[in-house]
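Those sequence lines, one after another, are chains H and U.
In terms of the working numbering, the first sequence has 174 at position 174, counting the first letter as 1, and numbering is strictly consecutive.
In terms of the working numbering, the second sequence has 1008 at position 8, counting the first letter as 1, and numbering is strictly consecutive.
It is possible that part of the hints are untrue.
[To be verified] Calculated from the model, a selection of chain U residues having no Cβ within reach of chain H, i.e. all distances over 12 Å:
| no. | residue |
| --- | --- |
| 1 | ASP1051 |
| 2 | ARG1081 |
| 3 | ARG1146 |
| 4 | TRP1241 |
[Said to hold, decoys possible] Between beta-carbon pairs, the in silico distance windows are:
| no. | chain 1 | residue 1 | chain 2 | residue 2 | range |
| --- | --- | --- | --- | --- | --- |
| 5 | U | LYS1260 | H | LEU5 | 42 to 50 Å |
| 6 | U | LYS1034 | H | VAL225 | 15 to 23 Å |
| 7 | U | ALA1239 | H | TRP86 | 45 to 53 Å |
| 8 | H | LEU5 | U | TRP1176 | 32 to 40 Å |
| 9 | U | ALA1166 | H | LEU5 | 56 to 64 Å |
| 10 | U | GLY1162 | H | LEU212 | 40 to 48 Å |
| 11 | U | TRP1176 | H | LEU23 | 28 to 36 Å |
| 12 | H | ASN219 | U | HIS1226 | 48 to 56 Å |
| 13 | H | VAL225 | U | VAL1219 | 43 to 51 Å |
| 14 | H | ILE43 | U | ALA1239 | 27 to 35 Å |
| 15 | H | TRP86 | U | ALA1258 | 42 to 50 Å |
| 16 | H | ARG153 | U | GLU1101 | 35 to 43 Å |
| 17 | U | ALA1239 | H | LEU27 | 49 to 57 Å |
None of these hints come from the bench; they were simulated from the model.
As the structure is a prediction and not an experimental result, all values here were calculated from the model.
From the three backbone atoms N, C-alpha and C, an ideal C-beta is built for every residue, glycine too.
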Amino acid sequence: MDLILQGIAQALHLLWSLDREVLAITLLSLEVSGAATAISVVIGISLGTAIALAPFWGKQLVVSVVNTGMGLPPVVVGLFVSILLWRSGPLGFLGILYTPAAIVIAQSIIATPIVMGITIGAMQNLPPNLRLQILALGATRWQMVWWLVKEARLPLMAGVMAGFGGVISEVGASIMVGGNVKGYTRVLTTATVMETGRGNFDIAIALSVILLALCLSVNYLLTMVQQRDRPR
Amino acid sequence: MRHLESRGFKWVSLVALWAAAAVPVAKAAEKPAKTVLLATTTSTQDSGLLDLLVPMFEKETGYLVKTISVGSGQAMAMGKRGEADVLLVHSPSEEKQVVAEGFAIDRRLVMHNDFILVGPPGDPARIKGSKTAQEAFQKIAVAKARFLSRGDNSGTNAKEKGLWRAAGLNPEGQAWYQQTGLGMGDTLNVASEKGGYTLTDRGTFLALGRSGRRLNLAVLLEGEPHLLNIYHVMEVNPAKWPKVNAAGARAFSDFMVAKKTQDAIGRFGVERFGSPLFTPDAGKDPSSLGI
């Protein structure tokens, strides 16, 4: 127990003293996972809305594939992405293996189905006559879509938080495609694994505490956006 | 708040999102000629040696070194696929094979440290006082004492398997022989928790013993000639894999055997542990080390 308390104390100390390496690692985690979440939100909400609202043959199959994608194991994604990005792989010419870009790509692949799946559920949950009502008020098709998205913003924001949570906390893909290179692709999760392996449990716990604090802050902000202008 | 719904605002925010996402990608566009991919073992990373040497190299040469720290087996597999530029590993028999197959060139001796056999302080298999590692392993097998193996084709794992073979034993599949598939630090933690024996390099054992938690393990066998842990550096053969950074690999290889680096290796660990963790060996005749 005092190991955990020591870790918390160490975390506060590292943050307070603005330890450069820890700050860099934290910032990189935020950048990489933030970028991946942004990408997944853009693709997930647009494609998810399209899938939810448009009737087409094979819709059930597509939706079940997306839902399966929500449970995609991150380490499997990491393995396949790294195979693609190897020098000898099909995308090797890009030379982005072991760079932050590779982690962003892998994390986007992990987060997009999560956001998409929740979007589909959220949009399909809207009252079926709402569409007609909005159209009856003289909206164009695009305006209708926009208003539907706004109407579903509560569960959609939950989807964004789920996507962010999924990638800020994952480690398998980040290690495989990022390589945990010091000062370059080392993020909070990969650094925690490394410090544990080295036996530096106090540092590992400190990093975990920082990661949790980061998640809490980001999700607090997102929740505030989600819950604004709700009747108290 | 009308402006928030205008088309212009939506497009600008979408573009801003994409731009934000592109920042890490743009930052990653470093010049490949300046990057050296070093595939190495977990022991060189976990002991902290590379944290000392890599910045030295980067400062001297201006290369950016990406240290991918996996087991020797995986490091050499990466080399054979051309996914690394230079290898720093400690699995001599497999290294010789990789060179013989033409995937690596210029294999040079860098340094050594030693392996030690650690186990529960109570020593249920009574291996303390054994003359050789083989003798100790035989006692463990007879006593069916719990033994933790890394089971990950690392240099340490290869050494351990070689010792079992030399003792004429095959512990695979036995209930007391447990494979973690993890790095040395993690395996030591498991051995400490479960009261088992394991083979470890001295550097990682010392480094772990000094951290917040005391390991519940005692050194039971050391100093035996078969327990030498020898590191070589070798470059991935550019003739087989033209995309490797041959110049960078060469520079790193030269750096590892250079006098200044060797001196730094020889001093590493003295401050923290009282004795150096590695013995520099560049230029020495390999047979003087008994390999």
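So, going through the hints one by one against the coordinates:
1. ASP1051: At roughly 7 Å from the nearest Cβ of chain H, ASP1051 (chain U) sits no farther out than 12 Å, so the non-interface label is violated.
2. ARG1081: At about 6 Å from chain H, ARG1081 (chain U) fails to clear the 12 Å cut-off, so the statement is violated.
3. ARG1146: holds (20 Å)
4. TRP1241: Non-interface label fails for TRP1241 (chain U): nearest chain H Cβ at 8 Å, not farther than 12 Å.
5. U:LYS1260 to H:LEU5: 42 to 50 Å: holds (43 Å)
6. U:LYS1034 to H:VAL225: 15 to 23 Å: At 42 Å between Cβs, range violated.
7. U:ALA1239 to H:TRP86: 45 to 53 Å: With Cβ atoms ~19 Å apart, the hint is violated.
8. H:LEU5 to U:TRP1176: 32 to 40 Å: At roughly 37 Å between Cβ atoms, TRP1176 (chain U) and LEU5 (chain H) fall inside 32 to 40 Å, so the hint holds.
9. U:ALA1166 to H:LEU5: 56 to 64 Å: violated (47 Å)
10. U:GLY1162 to H:LEU212: 40 to 48 Å: Holds, at about 44 Å.
11. U:TRP1176 to H:LEU23: 28 to 36 Å: Given a distance of about 46 Å, which is not inside 28 to 36 Å, the answer is violated.
12. H:ASN219 to U:HIS1226: 48 to 56 Å: Given range 48 to 56 Å: holds, Cβ gap about 55 Å.
13. H:VAL225 to U:VAL1219: 43 to 51 Å: violated (57 Å)
14. H:ILE43 to U:ALA1239: 27 to 35 Å: violated (43 Å)
15. H:TRP86 to U:ALA1258: 42 to 50 Å: violated (31 Å)
16. H:ARG153 to U:GLU1101: 35 to 43 Å: violated (59 Å)
17. U:ALA1239 to H:LEU27: 49 to 57 Å: violated (41 Å)
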